[in-house]
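Enquirer: Read off the chains here:
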Amino acid sequence: MPCNNAISRRTMIQRIAIGASGTLLLTLFPKLTFGKDDAPDGGKLPAKKRPLYAYAVDTSRCIGCCSCMRACRAENDVPKERYRTWVERYRVKADGEVKVDVAANDNFVFEETPPEDIVKAFFVPKMCNHCEKSVCSQVCPVGASYESPEGVVLVDTKRCIGCGYCIQACPYGTRFINPETHVASKCTWCYHRITRGELPACVLSCPKGARMFGDLHDPQSHLSVFMKQRRYRVLKPEMGTRPKCYYVDLDLEVI
Amino acid sequence: MNYVFPNELHVTWTVMIVLYPYITGLVAGAFIVSSLYHVFGRDELKPISRFSLASAFVFLLFATMPLLMHLGHAERAFNIMLTPHFTSAMAGFGYIYSSYLILVALEIWFVMRSDLIKRTHDKGFLPLVCRAIVLFNYRDTPETRLANHRIAKILAGLGIPMACMLHGYVGFLFGSIKANPWWATPLMFVIFIFSAIVSGISVLIFHYFIVSKINRWKINGPCVRSMASYLWAFMIVAVALEGMELLSIVYEQTEATDVLELLISTKLFWSYVVFQFFICSIVPFFMLGAAVLFRLSDRVAYALIWLSSCMLLAQVLLMRWNVVVGGQLVSKSMRGFTSYMPGVWEKEGLITAGVIFTMPFLILYVFHRLVSLFPDVEKLPKRSNGV
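Chains G and X are the protein sequences, given in the same order. Position 147 of the first sequence, counted from 1, bears residue number 365 in the working numbering, the numbering being contiguous throughout. Position 31 of the second sequence, counted from 1, bears residue number 48 in the working numbering, the numbering being contiguous throughout.
In short, the hints are calculated from the structure, not lab data. Virtual Cβ for every residue (Gly too), placed ideally from N, Cα, C. Hints are not guaranteed to be accurate.
For lysine to aspartate or glutamate, the following EDC-like pairs were computed, each having C-alpha atoms within a straight-line distance of at most 16 Å [as the list claims (entries may be wrong)]:
id: 1; chain 1: X; residue 1: Lys235; chain 2: X; residue 2: Glu395
id: 2; chain 1: G; residue 1: Lys338; chain 2: G; residue 2: Asp467
id: 3; chain 1: X; residue 1: Lys63; chain 2: X; residue 2: Glu395
id: 4; chain 1: G; residue 1: Lys267; chain 2: G; residue 2: Glu398
id: 5; chain 1: G; residue 1: Lys351; chain 2: G; residue 2: Glu365
id: 6; chain 1: X; residue 1: Lys364; chain 2: G; residue 2: Asp335
id: 7; chain 1: G; residue 1: Lys454; chain 2: X; residue 2: Glu395
id: 8; chain 1: G; residue 1: Lys446; chain 2: G; residue 2: Asp436
id: 9; chain 1: X; residue 1: Lys195; chain 2: G; residue 2: Glu456
id: 10; chain 1: G; residue 1: Lys454; chain 2: G; residue 2: Glu350
id: 11; chain 1: G; residue 1: Lys376; chain 2: X; residue 2: Glu395
id: 12; chain 1: G; residue 1: Lys338; chain 2: G; residue 2: Glu365
Anything over 10 Å on all C-beta distances counts as not near chain G; from chain X, calculated [unchecked claim]:
id: 13; residue: Ile134
id: 14; residue: Gly141
id: 15; residue: Val146
id: 16; residue: Leu163
id: 17; residue: Ile168
id: 18; residue: Arg233
id: 19; residue: Lys235
id: 20; residue: Ser356
id: 21; residue: Leu381
Construct the complete structure from the given sequences, taking the supplied hints into account.
Expert: Structure representation (structure tokens):
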């Protein structure tokens, strides 16, 4: 006996077609699926009026205290043995040998070293460069790594599949897989703070003002003024990633 | 000198990612052997054509397993196909893989349909499975067989570029990473394609000899010797390309040359220089060369061919290891190396890798129980007692 509430073949095919075209539309136009612009202003401001954040490091001011590393860990709940930012110590000996190390330990303190024939020593803070042409965003197969409208490279932890391709692609070694959440993680320039008008934790905690952060679209901002006054360069420019983290007084030894 | 960026202390791509290109390579290589018969009419390869196609299929079924074991969120794996981000080479994986899987499954179906229908007349569980596989359509006439053969030939022809794409794509994943000096070379995907063919032919020879020995089947001489010739030719090209890649690294003297030379002479000295290049490339080159060029007795020639296939299987596995792990050992600071040793019992450890690699062989056995993969095989006469 045929079932009373059975649907006809024609209706079934129609429903499948509607469902399939709906899915295709949502895939092709993700904004329909994921709603409004990700910008904190909801996409109301034109691109030029939105801030364009950038970061500058005056390496000659860094004293290697690693306050930035402690602040970052406290602010962002960074897991042990993983680093969103770190400070490298360079020691150049008289014979030209270069020794580099980092305070990658629980106390964020550089190891005491025996007296050596050091002719030059300096510190270099490092973190995600929030590249204008970020390779990590390019290679992410699901679009979980993306650039915010203010130029901050972020990871959508609900979309990331944890494949690690972005980690391989980043020339600066700034990404890692969070061992607790199993997704890619990295410096966000404290996005939750900067969108409230506050400074990133590392910038705020630096006692010497070696780390600077600001809006390049605002000509009066501290960063814009600083960038006009000083000469700077970026890390690994040959990668063509156009980093937005600018270094002043950077030695040739720094890669 | 030994400074690595602090996040580089943990190697991200483990032995699972070594296994993934290895398995896809076996797929591509085995498929190409089957196509040599189905498309290019190399009739001497007929005895192994079904076996090679079935091997390609079962390895393909398990090619994604290492990836799923590796993903931090395997439950989101389908997002690669549902919300692909097409600027990424990896976003193409789901589409390339699944279309190739469909193609190989269809080709097998058309190649074996006739035999599956014959099995449906038996009683038991497996014939029931056969009935389901042939979609309960038991029509088997000379016309249907001709149609099956034609369609299988077209699919095999389409499959060759797809096999190259699948494996070339895997090589491209590595070769396009400009941040890694050990990977970043346009030669990478060509090297991957040729090494895939080498590993595919090797696994077929290796496995064919073993099942023949176990079942006391007569080895098909022309078939094995022909496969040995192809293996020799493809391994020469593969090793020559790998050598050229090495030569260009040393000759170009870029800023990465120092650290790569150090990588080769220290961290990868045994796995790359000694085992991959000298033992597992040069020795099989001479052994296969002897088997192909000289009129050796069957016994000696088969021994040389089988041993070469074992060594070349190891060579390609070592090549995958040296590329995937070797590339990650070099710090992006260009000032040192990290280290990696796979665990035994962990999620991405050696036991998992062993299980994943064994599974295709078990499925192949079930496959053989459904439909004979060696239909024209000759049994060796029984040995008399005391001999």
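Enquirer: Need the status of pair lysine 446(G), aspartate 436(G): alpha-carbon distance at most 16 Å?
Expert: 13 Å, holds
Enquirer: Given the hinted pair lysine 454(G) and glutamate 350(G), is their Cα-Cα distance within 16 Å?
Expert: Distance ~14 Å between lysine 454(G) and glutamate 350(G) Cα, so the pair holds.
Enquirer: If you draw a straight line from the CA of lysine 63(X) to the CA of glutamate 395(X), is it 16 Å or shorter?
Expert: OK: lysine 63(X) and glutamate 395(X) at ~14 Å, within 16 Å.
Enquirer: Hey, lysine 376(G) versus glutamate 395(X), does the alpha-carbon distance stay inside 16 Å?
Expert: Since the Cα atoms of lysine 376(G) and glutamate 395(X) sit roughly 58 Å apart, the hinted pair is violated (cutoff 16 Å).
Enquirer: Given the hinted pair lysine 267(G) and glutamate 398(G), is their Cα-Cα distance within 16 Å?
Expert: With a Cα-Cα distance of about 38 Å, the restraint between lysine 267(G) and glutamate 398(G) is violated, given a limit of 16 Å.
Enquirer: Is the nearest CB of chain G more than 10 Å from the CB of isoleucine 134(X)?
Expert: 29 Å, holds
Enquirer: Going straight from one Cα to the other, do lysine 195(X) and glutamate 456(G) come out at no more than 16 Å?
Expert: 10 Å, holds
Enquirer: Evaluate the condition: distance from the CB of leucine 381(X) to the nearest CB of chain G exceeds 10 Å.
Expert: It holds; leucine 381(X) is separated from chain G by about 29 Å at its closest Cβ, greater than 10 Å.
Enquirer: Does lysine 338(G) pair with glutamate 365(G) here, judged by a C-alpha cut-off of 16 Å?
Expert: 38 Å, violated
Enquirer: Closest CB-CB distance from isoleucine 168(X) to chain G, is it above 10 Å?
Expert: 26 Å, holds
Enquirer: Can we trust that glycine 141(X) is non-interface, i.e. its beta-carbon lies farther than 10 Å from all of chain G?
Expert: 34 Å, holds
Enquirer: Given the proposed pairing of lysine 235(X) with glutamate 395(X), does the C-alpha separation stay at or below 16 Å?
Expert: 5 Å, holds
Hint compliance for this structure: hints 4, 6, 7, 11 and 12 are not met, and every other hint is.
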